[in-house]
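17 is the number of the first residue of the sequence shown in our numbering; add one for each residue after it.
No lab work stands behind these hints, which were simulated from the structure alone.
We put the CB at the ideal spot given by N, CA and C, even for glycine.
Among the clues, some could well be false.
What the hints assert, rightly or not - Derived lysine-lysine pairs resembling DSSO-like cross-links, with alpha carbons at most 27 Å apart:
| id | residue 1 | residue 2 |
| --- | --- | --- |
| 1 | K306 | K270 |
| 2 | K263 | K324 |
| 3 | K322 | K205 |
| 4 | K263 | K322 |
| 5 | K322 | K193 |
| 6 | K75 | K263 |
| 7 | K270 | K322 |
| 8 | K317 | K290 |
| 9 | K299 | K317 |
| 10 | K230 | K290 |
| 11 | K299 | K322 |
| 12 | K270 | K75 |
| 13 | K75 | K290 |
| 14 | K317 | K368 |
| 15 | K241 | K322 |
| 16 | K241 | K193 |
| 17 | K75 | K241 |
| 18 | K230 | K270 |
Said to hold, decoys possible - Pairwise CB distance ranges, derived in the manner of DEER restraints:
| id | residue 1 | residue 2 | range |
| --- | --- | --- | --- |
| 19 | P69 | L164 | 55 to 61 Å |
| 20 | K290 | M186 | 32 to 38 Å |
| 21 | E321 | S356 | 58 to 64 Å |
| 22 | C158 | S356 | 28 to 34 Å |
| 23 | Y264 | L347 | 35 to 41 Å |
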Amino acid sequence: MYVCVRLCVLLRAHGRARVCQYVRVCARARACVCTPLFIYKERTHFVEYLMLPATSTVKFVFRQPPLSSHYNLYLLPFNSKVWDLMMEPEGKHRNSIIKQRILAVFGLVEIVLRCTLTMNDFQGLMMQLEGILGRSVIFMTCVTYTFLYTSYSANVVALLQSRSSHIRTMDDLFNSKLEIGIHDTPYNKVLFNSVIKDPMHYAPYYTIGPRKKKLTFMDLEEGVKKMQEDQFAFFMDRGIGYIYVNKYFEEGQKCALHEITYEQGQDAWLAARKNTPYREMFKIGLHRIKEHGLDTREYLKIYAEKPKCLGSGGSFVNVSVMDCYPAFLMLIYGYTVAFSLLVMEVLSHCHKNNMARC
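Construct all of the structure, not just a fragment, from the sequences and the given hints.
In structure tokens form, the structure reads like this:
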């Protein structure tokens, strides 16, 4: 017997003929068994598919992006009710004489804003309270705001180390900010022939999806290292890829690994020459190997499984500028509003001086 041991990857342009040279070898009775092949209608005239040796282990593997890439971390610690209570204090003694005098001078809106902002920034109040009751209220308010600040800071630190579970499907992956790479193998080139205009033409990258994601073919070790350092999704064989993951990744980084199956993928079946007398012998033998678990044993000895998460809390994530983007944005807005108010006050003061001179 002559057995083909190479994966058939030679396709004609535009996929009109998918009968590779190794299928032709079987058709000419020069071979009885082929290596696993994709199922195409054109090949069924020459070969018979015996069994599926194993399910496809080729998937998109990536580290889940930080939570700050999808949400504003500075709004997540508290819900909307807490923010409303901090910004909308309400007095209980509406008919008191003191409050009526204060409202007559400043107005309700100005009192609420001044008291809330000054207490929130720990700058004191606009009026001095001399009574024991008033000082007790101010003390309890300051203690409450201290606890709020402590809880808020602790929640922000915890959220900075959290990972987002936003990417669950292929559409989410293509619409995300993650770069996409593909292990440069013949299997992957055939698998992605639906997104390649010319299957016979090799290019270093292709585009896919609504956002024209760039798919770059690269070496396995290079892709795993890039997956460790950047926000990068790598299409690879899990069994081989996880060997490099165990080699380069730290324990905390392994906990963020996530997998997505390519929806348009297909499995390769073991094939034999059509009407070969060895068909039943090979089929029974392969099924017996699978039933006794010999293939699983060999797979576990050669390849690696997905690493288990053992130390998720033992590492800290470096804070980048993108994580602090909402805080910087709020600071810029504050400077802009303050400068605008300053200009308006200066113009108003100049206008009043001109009116007084006239």
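Hint by hint, here is what the structure shows:
Of the pairs offered as hints, the one joining K306 and K270 is violated, with about 31 Å between alpha carbons and a cut-off of 27 Å exceeded. Simply put, K263 and K324 have alpha-carbon atoms about 14 Å apart, close enough for the 27 Å limit, and the pair holds. For the suggested pair K322 and K205, the alpha carbons sit about 24 Å apart, so the restraint of at most 27 Å is met. The hinted pair formed by K263 and K322 meets the criterion: a straight-line CA distance of about 13 Å does not exceed 27 Å.
For the hint linking K322 to K193, the alpha-carbon distance of about 24 Å falls within 27 Å, and the restraint holds. A C-alpha spacing of about 19 Å is found between K75 and K263, which places the hinted pair at or below 27 Å, so the restraint holds. Between the alpha carbons of K270 and K322 the distance comes to roughly 9 Å, so the proposed pair stays at or under 27 Å and holds. A C-alpha spacing of about 33 Å is found between K317 and K290, which places the hinted pair above 27 Å, so the restraint is violated.
Straight-line distance between C-alpha atoms of K299 and K317 comes to about 24 Å, which keeps the hinted pair within the 27 Å bound. Note on K230 and K290: the hinted pairing is violated, with a Cα-Cα distance of about 41 Å set against a maximum of 27 Å. Annotation: proposed proximity of K299 to K322 is violated, straight-line Cα distance about 31 Å (limit 27 Å). With a C-alpha separation of about 16 Å, the suggested pairing of K270 with K75 holds against the 27 Å cut-off.
About 32 Å separates the Cα atoms of K75 and K290, which puts this hinted pair outside 27 Å; it is violated. The suggested pairing of K317 with K368 is violated, with an alpha-carbon distance near 87 Å, which exceeds 27 Å. Among the hinted pairs, K241 with K322 is consistent with the structure: their alpha-carbon atoms are about 16 Å apart, no more than 27 Å. Note on K241 and K193: the hinted pairing holds, with a Cα-Cα distance of about 18 Å set against a maximum of 27 Å.
Only pairs whose Cα atoms come within 27 Å are accepted, and K75 paired with K241 is accepted, the gap being roughly 17 Å. Pair hint K230 plus K270 holds up; C-alpha atoms about 25 Å apart against a cutoff of 27 Å. For P69 paired with L164, a C-beta distance near 60 Å keeps the hint of 55 to 61 Å intact. At about 36 Å, the CB distance of K290 to M186 agrees with the hint of 32 to 38 Å.
For the hinted restraint 58 to 64 Å between E321 and S356, the CB-CB distance of approximately 60 Å keeps it satisfied. Against the hinted window of 28 to 34 Å, the Cβ-Cβ separation of C158 and S356 comes to about 31 Å, which satisfies the hint. A hinted range of 35 to 41 Å for the beta carbons of Y264 and L347 is consistent with their spacing of about 38 Å.
Violated hints, listed in ascending order, are 1, 8, 10, 11, 13 and 14; each of the other numbered hints is respected by the structure.
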